[in-house]
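> Chains as they are written, first to last, in the working numbering: chain D, 543 to 826; chain E, 543 to 826; chain C, 543 to 826; chain H, 543 to 826.
A hint or two may mislead.
Treat identical chains as interchangeable: a pair holds within one or across any two.
With a Cα cut of at most 30 Å, we get these calculated DSBU-like pairs of lysine-lysine [said to hold, decoys possible]: (1) K610 with K821; (2) K545 with K794; (3) K794 with K721; (4) K631 with K616.
Just so you know, the hints here were simulated from the structure itself, not pulled from any lab data.
There are 4 protein chains.
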Amino acid sequence: MNKITILIHCHDQPNIIASVTNFIVKNNGNIVYIDQYVDREQNIFFMRLESEFVSDNFNTNNFKTDFKTSLADKFTMKWRIYSSEAKPKMALFVSKYDHCLYDLLARYNSGELNLEIPFIISNHNDLKHIADNFKIPFYHIPVTKETKTNAEEKQLELLKSHNIDFIVLARYMQIVSNKLIDVYKNKIINIHHSFLPAFVGAKPYHSAYKRGVKIIGATSHYVTEELDAGPIIEQDVTRVTHAHAIQDLIAKGRDLEKIVLANAVKLHANRKVMVFNNKTIIFT
Amino acid sequence: MNKITILIHCHDQPNIIASVTNFIVKNNGNIVYIDQYVDREQNIFFMRLESEFVSDNFNTNNFKTDFKTSLADKFTMKWRIYSSEAKPKMALFVSKYDHCLYDLLARYNSGELNLEIPFIISNHNDLKHIADNFKIPFYHIPVTKETKTNAEEKQLELLKSHNIDFIVLARYMQIVSNKLIDVYKNKIINIHHSFLPAFVGAKPYHSAYKRGVKIIGATSHYVTEELDAGPIIEQDVTRVTHAHAIQDLIAKGRDLEKIVLANAVKLHANRKVMVFNNKTIIFT
Amino acid sequence: MNKITILIHCHDQPNIIASVTNFIVKNNGNIVYIDQYVDREQNIFFMRLESEFVSDNFNTNNFKTDFKTSLADKFTMKWRIYSSEAKPKMALFVSKYDHCLYDLLARYNSGELNLEIPFIISNHNDLKHIADNFKIPFYHIPVTKETKTNAEEKQLELLKSHNIDFIVLARYMQIVSNKLIDVYKNKIINIHHSFLPAFVGAKPYHSAYKRGVKIIGATSHYVTEELDAGPIIEQDVTRVTHAHAIQDLIAKGRDLEKIVLANAVKLHANRKVMVFNNKTIIFT
Amino acid sequence: MNKITILIHCHDQPNIIASVTNFIVKNNGNIVYIDQYVDREQNIFFMRLESEFVSDNFNTNNFKTDFKTSLADKFTMKWRIYSSEAKPKMALFVSKYDHCLYDLLARYNSGELNLEIPFIISNHNDLKHIADNFKIPFYHIPVTKETKTNAEEKQLELLKSHNIDFIVLARYMQIVSNKLIDVYKNKIINIHHSFLPAFVGAKPYHSAYKRGVKIIGATSHYVTEELDAGPIIEQDVTRVTHAHAIQDLIAKGRDLEKIVLANAVKLHANRKVMVFNNKTIIFT
Numbered sequence: 543m544n545k546i547t548i549l550i551h552c553h554d555q556p557n558i559i560a561s562v563t564n565f566i567v568k569n570n571g572n573i574v575y576i577d578q579y580v581d582r583e584q585n586i587f588f589m590r591l592e593s594e595f596v597s598d599n600f601n602t603n604n605f606k607t608d609f610k611t612s613l614a615d616k617f618t619m620k621w622r623i624y625s626s627e628a629k630p631k632m633a634l635f636v637s638k639y640d641h642c643l644y645d646l647l648a649r650y651n652s653g654e655l656n657l658e659i660p661f662i663i664s665n666h667n668d669l670k671h672i673a674d675n676f677k678i679p680f681y682h683i684p685v686t687k688e689t690k691t692n693a694e695e696k697q698l699e700l701l702k703s704h705n706i707d708f709i710v711l712a713r714y715m716q717i718v719s720n721k722l723i724d725v726y727k728n729k730i731i732n733i734h735h736s737f738l739p740a741f742v743g744a745k746p747y748h749s750a751y752k753r754g755v756k757i758i759g760a761t762s763h764y765v766t767e768e769l770d771a772g773p774i775i776e777q778d779v780t781r782v783t784h785a786h787a788i789q790d791l792i793a794k795g796r797d798l799e800k801i802v803l804a805n806a807v808k809l810h811a812n813r814k815v816m817v818f819n820n821k822t823i824i825f826t
Numbered sequence: 543m544n545k546i547t548i549l550i551h552c553h554d555q556p557n558i559i560a561s562v563t564n565f566i567v568k569n570n571g572n573i574v575y576i577d578q579y580v581d582r583e584q585n586i587f588f589m590r591l592e593s594e595f596v597s598d599n600f601n602t603n604n605f606k607t608d609f610k611t612s613l614a615d616k617f618t619m620k621w622r623i624y625s626s627e628a629k630p631k632m633a634l635f636v637s638k639y640d641h642c643l644y645d646l647l648a649r650y651n652s653g654e655l656n657l658e659i660p661f662i663i664s665n666h667n668d669l670k671h672i673a674d675n676f677k678i679p680f681y682h683i684p685v686t687k688e689t690k691t692n693a694e695e696k697q698l699e700l701l702k703s704h705n706i707d708f709i710v711l712a713r714y715m716q717i718v719s720n721k722l723i724d725v726y727k728n729k730i731i732n733i734h735h736s737f738l739p740a741f742v743g744a745k746p747y748h749s750a751y752k753r754g755v756k757i758i759g760a761t762s763h764y765v766t767e768e769l770d771a772g773p774i775i776e777q778d779v780t781r782v783t784h785a786h787a788i789q790d791l792i793a794k795g796r797d798l799e800k801i802v803l804a805n806a807v808k809l810h811a812n813r814k815v816m817v818f819n820n821k822t823i824i825f826t
Numbered sequence: 543m544n545k546i547t548i549l550i551h552c553h554d555q556p557n558i559i560a561s562v563t564n565f566i567v568k569n570n571g572n573i574v575y576i577d578q579y580v581d582r583e584q585n586i587f588f589m590r591l592e593s594e595f596v597s598d599n600f601n602t603n604n605f606k607t608d609f610k611t612s613l614a615d616k617f618t619m620k621w622r623i624y625s626s627e628a629k630p631k632m633a634l635f636v637s638k639y640d641h642c643l644y645d646l647l648a649r650y651n652s653g654e655l656n657l658e659i660p661f662i663i664s665n666h667n668d669l670k671h672i673a674d675n676f677k678i679p680f681y682h683i684p685v686t687k688e689t690k691t692n693a694e695e696k697q698l699e700l701l702k703s704h705n706i707d708f709i710v711l712a713r714y715m716q717i718v719s720n721k722l723i724d725v726y727k728n729k730i731i732n733i734h735h736s737f738l739p740a741f742v743g744a745k746p747y748h749s750a751y752k753r754g755v756k757i758i759g760a761t762s763h764y765v766t767e768e769l770d771a772g773p774i775i776e777q778d779v780t781r782v783t784h785a786h787a788i789q790d791l792i793a794k795g796r797d798l799e800k801i802v803l804a805n806a807v808k809l810h811a812n813r814k815v816m817v818f819n820n821k822t823i824i825f826t
Numbered sequence: 543m544n545k546i547t548i549l550i551h552c553h554d555q556p557n558i559i560a561s562v563t564n565f566i567v568k569n570n571g572n573i574v575y576i577d578q579y580v581d582r583e584q585n586i587f588f589m590r591l592e593s594e595f596v597s598d599n600f601n602t603n604n605f606k607t608d609f610k611t612s613l614a615d616k617f618t619m620k621w622r623i624y625s626s627e628a629k630p631k632m633a634l635f636v637s638k639y640d641h642c643l644y645d646l647l648a649r650y651n652s653g654e655l656n657l658e659i660p661f662i663i664s665n666h667n668d669l670k671h672i673a674d675n676f677k678i679p680f681y682h683i684p685v686t687k688e689t690k691t692n693a694e695e696k697q698l699e700l701l702k703s704h705n706i707d708f709i710v711l712a713r714y715m716q717i718v719s720n721k722l723i724d725v726y727k728n729k730i731i732n733i734h735h736s737f738l739p740a741f742v743g744a745k746p747y748h749s750a751y752k753r754g755v756k757i758i759g760a761t762s763h764y765v766t767e768e769l770d771a772g773p774i775i776e777q778d779v780t781r782v783t784h785a786h787a788i789q790d791l792i793a794k795g796r797d798l799e800k801i802v803l804a805n806a807v808k809l810h811a812n813r814k815v816m817v818f819n820n821k822t823i824i825f826t
């Protein structure tokens, strides 16, 4: 049996839902999940649909061609169609902090993540032993002012040669270049250690301490050219008091960071995220 | 323009979604919201759909008849169709506590609630002044062991004569009889002052204090014959510490109770709740 | 029996705690609550202490004098001593939104708030009927560009003539002048409808919607000259999704605003808040 | 410099605080933290105090003797005094689930936990590779009906020979015998995968699914003879919907379990927990 996930957006107009559901039926598919959302301000229609096709004759490429000509072109849709067999390939970028790395790899190991991790890239060697423990190839690509361009070339080469679908910056601590962002638009997931848009930039726990907030947070978002301003995928928060020193905020924040990042990775890998107008639509 | 909300459930089977969406199109309607859920354990399909009909010829009763014969009978559906023009009528039952009453009436007054409150019933006169302030008829129906049956007759009479759609027990403090429950099946909303199923029954804050929990909660649920065991609509919780006395739990709990109850009332009044197998499906 | 609450801060130095506890014992008091905090960055010691004095001879003024000469001067303390008999007097400033007003007055009515509300001031007449219902004097003081100075004079006159201890801006919607802020330093409590420091200024729900955050919040803080930048007393948050329109954020936010403001008012009225370096220390 | 943590409880009576603080001063100590709580129902006083002693002559044993004779005996105190130099020794019991194990060991590795882990015990060999990765001795002690007594002897032997201070059951999946509970009273920390007291016993996620709760939780508590009824140390919760299958609850629950257990371990290891009347007092 083939299982297909379809993501669509287009200008809102009558009969989109009926047309799509009819198209599935015409192709002998059964809809097992449908959800839609209309941005009334921008007048944009969004849909996520999962469908099963039992026929042996079903061919994903033919289906895509047919979908384009008989449906997508008519409604001027932007669309993506995924086969559930193809697990997305994720590259992990890390630096020196290990909590998000441990957390993601432990989930990966236990089968919780519907994805593949072909390799880990780091600008430092500190976490190589963890990659080794989990038997995942680890590439040490140092980044200095002088070597930055060269390092990016190496990164891109690795990403391309492994057909990487998306990148996760698990506290990578380096600003990613526009070149990489262009290639992986809305496909680079970062974890920022504050409740964005509060405390953009470096040292957000220090800023939170200074401002005396009673709640701290973490935010996972797609990386865009503007720092910490990309579409937000997931956020979470926890209470703090005046008695928490900066070190306490950092420790409490680690727990937020790993959970928020893992949730964002799962949403992305399960094709539940659409991006429009620098905001995400998250399907359930 | 007519706006219709449809709630459906039936055994899961192929082509339900396409058949329903086609039916809407055939009737010149435009689907503005669709959400579905399949209970895979019980193999039951649930759907909520909102549709707009611009034609002046549209007739809700004809639509219902047509829906039944050409769709619902075929799939053996249980279904309800609501016109958005008809606001549900809600009866408020209160006793001596005023926090939920104030909260609901303040929301009602500000236009936040999509419903009508024809009257308030209470077994005590203590809160009459609040009903008076908000200019809502208040019926004092005392309940004692001896008068209980008689009191219920009076309640039912009032409920029927005002075509009440659903009842909200805003800390009513009396156990409602099976007779009333039968007439208003899954239409009596209670607020229980604990995180059910912990601390069923009377004095839950005392039990929570004794057990030394670090989190307390409130639960809004439909009333069934078994006490505090009906389908849960909404729950919320808040942190407490050893330093909170029972009185503190009660005070903190009041804030939970009023928010949780108000949310449950809004979900019900907006026809976003379905009940199956003593559980709720809550559409967004 | 006399019950006294003492709030102290001074540079951290040895033997403060023992000296203070000895002083209480020497005065035949029994300490029923003690909590302390040291800001290690600034090296400042903070303490809150509650003590009971059973002797009929106990005199609060003598106690204060004695405290100053034999203790406070020695450690160069900033200190405040409150008798539990004297309930603080709170002035309510409102405008057109009623949710915080209803919430605070319902709590006040039920005895939940340890304070007195001598009057309500508003720049509009819209909420007068609520003040009337709760039988609290209501002063309509319109504010326009031309009358602003004059209006403030009237406000200050009322505040002084009623010996008001602190002011609560329950969605007052007007910027308070520095003159009022100077007189009531760290004694004017505002509720801001965002998770500060995100979305400072006007229309924070619109900004939150535009940024696509997954969590919205409310913040209660003391008013300082810089807008929305004063010491934070209390914050809370709630989850939202892409499907929430601005109106939904506003409605959900109202529930946050009233709970957060009420908690801040209770903390202040119970003398559990100290301010230092634009941050609050909140005792339990 | 010596740093000492003192935990006290006794019947509430006048002058305890002043007497303790005086005793510290007399011994040339400086109090850096003091917190107290009075259970007004039971009339019991609890205190936690941290104090620094700079003198080279300070001797912890002498201090304890002196504390007992001149203070504890007088007030009939139960007391414990810890030197901050002595890190508590924790034994980890695991079975087949790895999420709590990975989480605790990653924290341990990064220096977040103020304790030592001399060894891990498991009734299965499945997680040995993780213990090996983290270079912690792993003892495989199978438990069957027949070998249960024998297995416990081996466990106790290991615990004694390593001077283990407390035990953490990181999803150990076996019921611990009363013999072990007696030796480690209020020193065996369990993580239960529900919001206790809801869903006591086996398969709580299945029960939560069946009941249709909108919030699930996890609870860390000390093990007592009655199953899942010991003093609660820490709890946390997360929202779920009707659309979450049991497997989803289990996956979401894992995140709760590891955070809640880690927090409980930190509170215990930092001597911030006291137990009285089957409830915990948790100092900040």
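> Now tell me, hint by hint, if it's right for this structure.
Hint-by-hint comparison with the structure:
1. Proximity of K610 to K821 under the C-alpha cut-off of 30 Å is restricted to the intra-copy arrangement: shortest distance 26 Å within a copy versus 41 Å between copies.
2. In this assembly of identical chains, K545 and K794 lie within 30 Å of each other by CA distance solely across copies; the values are 25 Å between and 40 Å within a copy.
3. For the identical chains of this complex, K794 and K721 are neighbours neither inside a copy (34 Å) nor across copies (36 Å), given an alpha-carbon limit of 30 Å.
4. Within a single copy, K631 and K616 get their C-alpha atoms no closer than 32 Å, and across copies no closer than 44 Å, so neither meets the 30 Å cut-off.
Of the numbered hints given earlier, the model fails hints 3 and 4; all others are met.
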